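2 protein chains.
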Amino acid sequence: MVHADASNFVIGVTKDQAYEQVLMQAEGLFDGQRNWVCNLSNAASLLWHAYKSLPSPSNQVNWAGFYTLNPLSPSPQLILGPFQGKVACQTIAFSRGVCGVAAATQTTQLVRDVDAFPGHIACDGDSRSEIVVPIVVSQEGTGEKKLVAIIDIDCAVLDGFDEVDRVYLEKLGGLIGRSCDWWLWSSGDRLDC
Amino acid sequence: MVHADASNFVIGVTKDQAYEQVLMQAEGLFDGQRNWVCNLSNAASLLWHAYKSLPSPSNQVNWAGFYTLNPLSPSPQLILGPFQGKVACQTIAFSRGVCGVAAATQTTQLVRDVDAFPGHIACDGDSRSEIVVPIVVSQEGTGEKKLVAIIDIDCAVLDGFDEVDRVYLEKLGGLIGRSCDWWLWSSGDRLDC
Numbered sequence: 001m002v003h004a005d006a007s008n009f010v011i012g013v014t015k016d017q018a019y020e021q022v023l024m025q026a027e028g029l030f031d032g033q034r035n036w037v038c039n040l041s042n043a044a045s046l047l048w049h050a051y052k053s054l055p056s057p058s059n060q061v062n063w064a065g066f067y068t069l070n071p072l073s074p075s076p077q078l079i080l081g082p083f084q085g086k087v088a089c090q091t092i093a094f095s096r097g098v099c100g101v102a103a104a105t106q107t108t109q110l111v112r113d114v115d116a117f118p119g120h121i122a123c124d125g126d127s128r129s130e131i132v133v134p135i136v137v138s139q140e141g142t143g144e145k146k147l148v149a150i151i152d153i154d155c156a157v158l159d160g161f162d163e164v165d166r167v168y169l170e171k172l173g174g175l176i177g178r179s180c181d182w183w184l185w186s187s188g189d190r191l192d193c
Numbered sequence: 001m002v003h004a005d006a007s008n009f010v011i012g013v014t015k016d017q018a019y020e021q022v023l024m025q026a027e028g029l030f031d032g033q034r035n036w037v038c039n040l041s042n043a044a045s046l047l048w049h050a051y052k053s054l055p056s057p058s059n060q061v062n063w064a065g066f067y068t069l070n071p072l073s074p075s076p077q078l079i080l081g082p083f084q085g086k087v088a089c090q091t092i093a094f095s096r097g098v099c100g101v102a103a104a105t106q107t108t109q110l111v112r113d114v115d116a117f118p119g120h121i122a123c124d125g126d127s128r129s130e131i132v133v134p135i136v137v138s139q140e141g142t143g144e145k146k147l148v149a150i151i152d153i154d155c156a157v158l159d160g161f162d163e164v165d166r167v168y169l170e171k172l173g174g175l176i177g178r179s180c181d182w183w184l185w186s187s188g189d190r191l192d193c
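Line by line, the protein sequences give chains W and E. Following my numbering, the numbering of the first sequence begins with 1 at its first residue and continues without gaps. Following my numbering, the numbering of the second sequence begins with 1 at its first residue and continues without gaps.
Hints may be right or wrong, so weigh each one.
On the chain E side, residues computed to face chain W include the following (Cβ under 8 Å) [said to hold, decoys possible]:
1) His3
2) His49
3) Ala88
4) Cys89
5) Gln90
6) Ala93
7) Phe94
8) Cys123
9) Glu140
Keep in mind that the hints were calculated from the coordinates and are not lab data. Remember, it's a predicted structure, so these values are computed and weren't measured experimentally. All residues carry an ideal CB built from backbone N, CA and C; glycine is no exception.
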């Protein structure tokens, strides 16, 4: 199978079925590949094409992707990762907007109306609803859960997401968290090629 | 201006004008931001939306994104970076396919018919033509040019690209090369968060 076929979803499937396919394809793509940039790039593509195969409101998703922890920032900050959709804000402080709150609290934010969310950051004025799911990894030894990234999905209509999205995106977040080596860059690690 | 507006291209512009907007927007987005994952993610979005605003064949582009050097590979290898489009091959050996040849030779590959290109890798059976532009950086001191990434654009029709694409994508490759810190991960740099 050529890789692009993983993005082909049958029209008429339910949201549960589409997410099940995303999880199955993601698991296959991550098998033997733990590079987080590579895996998040393919995961964003899977999600985008899954939503586009579904009826409204899911097919009104207008941004699907990731922000990761920015280890170069002196204060806790997210930085833009791989995504599908229009150009997005580069950095987001923890606690700022929907993404920042999800990162700071390590809890999923399911926002039916972004304009009603205090401090919402309007990267795209078309976005009306949003779901953000934290990706956390347990530290060896202590078991303490540390945030490494978030899944961020925007929708151009109100009430774009429900509990089905929450359940499956949290499953995907768990899979991504344990399937990648979270080697982020540091100032001392400039590529010496 | 919200960030998403950078992806909005006026219908009816020429290809030159669309690429000029890509370059201008990219320069603005990279100003003060040298994180390569962040910048490549936004650059893929700019390119994708530019192509979709143009007449055929440009609007038939079905993949736009990046592969980077994989420092973890013992042999020279590209690994998937941020992109827009369907799921893609994770790794490509130097010299293999259009991307591999561009990487190994550090020269743009403008391929009017991918099926006629020896060793073409069919990540997506829909792709008919392709352009791949190397992104190189000069090493301090020696000035030796080292490959850090490639721009890869696929099109679903034959003859999707011409000299205009080559000229502007090489300009974009130069801008990206000097605008990012190419801090790639290494096995000794696991995030200790």
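These are the hints, each one checked on the structure:
1. His3: holds, 5 Å
2. His49: Interface hint status for histidine 49 (chain E): holds (7 Å vs cutoff 8 Å).
3. Ala88: Cβ of alanine 88 (chain E) sits 5 Å from chain W, so the hint holds.
4. Cys89: Holds. Min distance 5 Å.
5. Gln90: With a closest approach of 5 Å, the glutamine 90 (chain E) hint holds.
6. Ala93: violated, 15 Å
7. Phe94: Violated - the Cβ of phenylalanine 94 (chain E) stays beyond 8 Å from chain W, reaching only about 13 Å at its closest.
8. Cys123: Interface hint status for cysteine 123 (chain E): holds (5 Å vs cutoff 8 Å).
9. Glu140: Since the shortest Cβ distance to chain W is 10 Å, the answer is violated.
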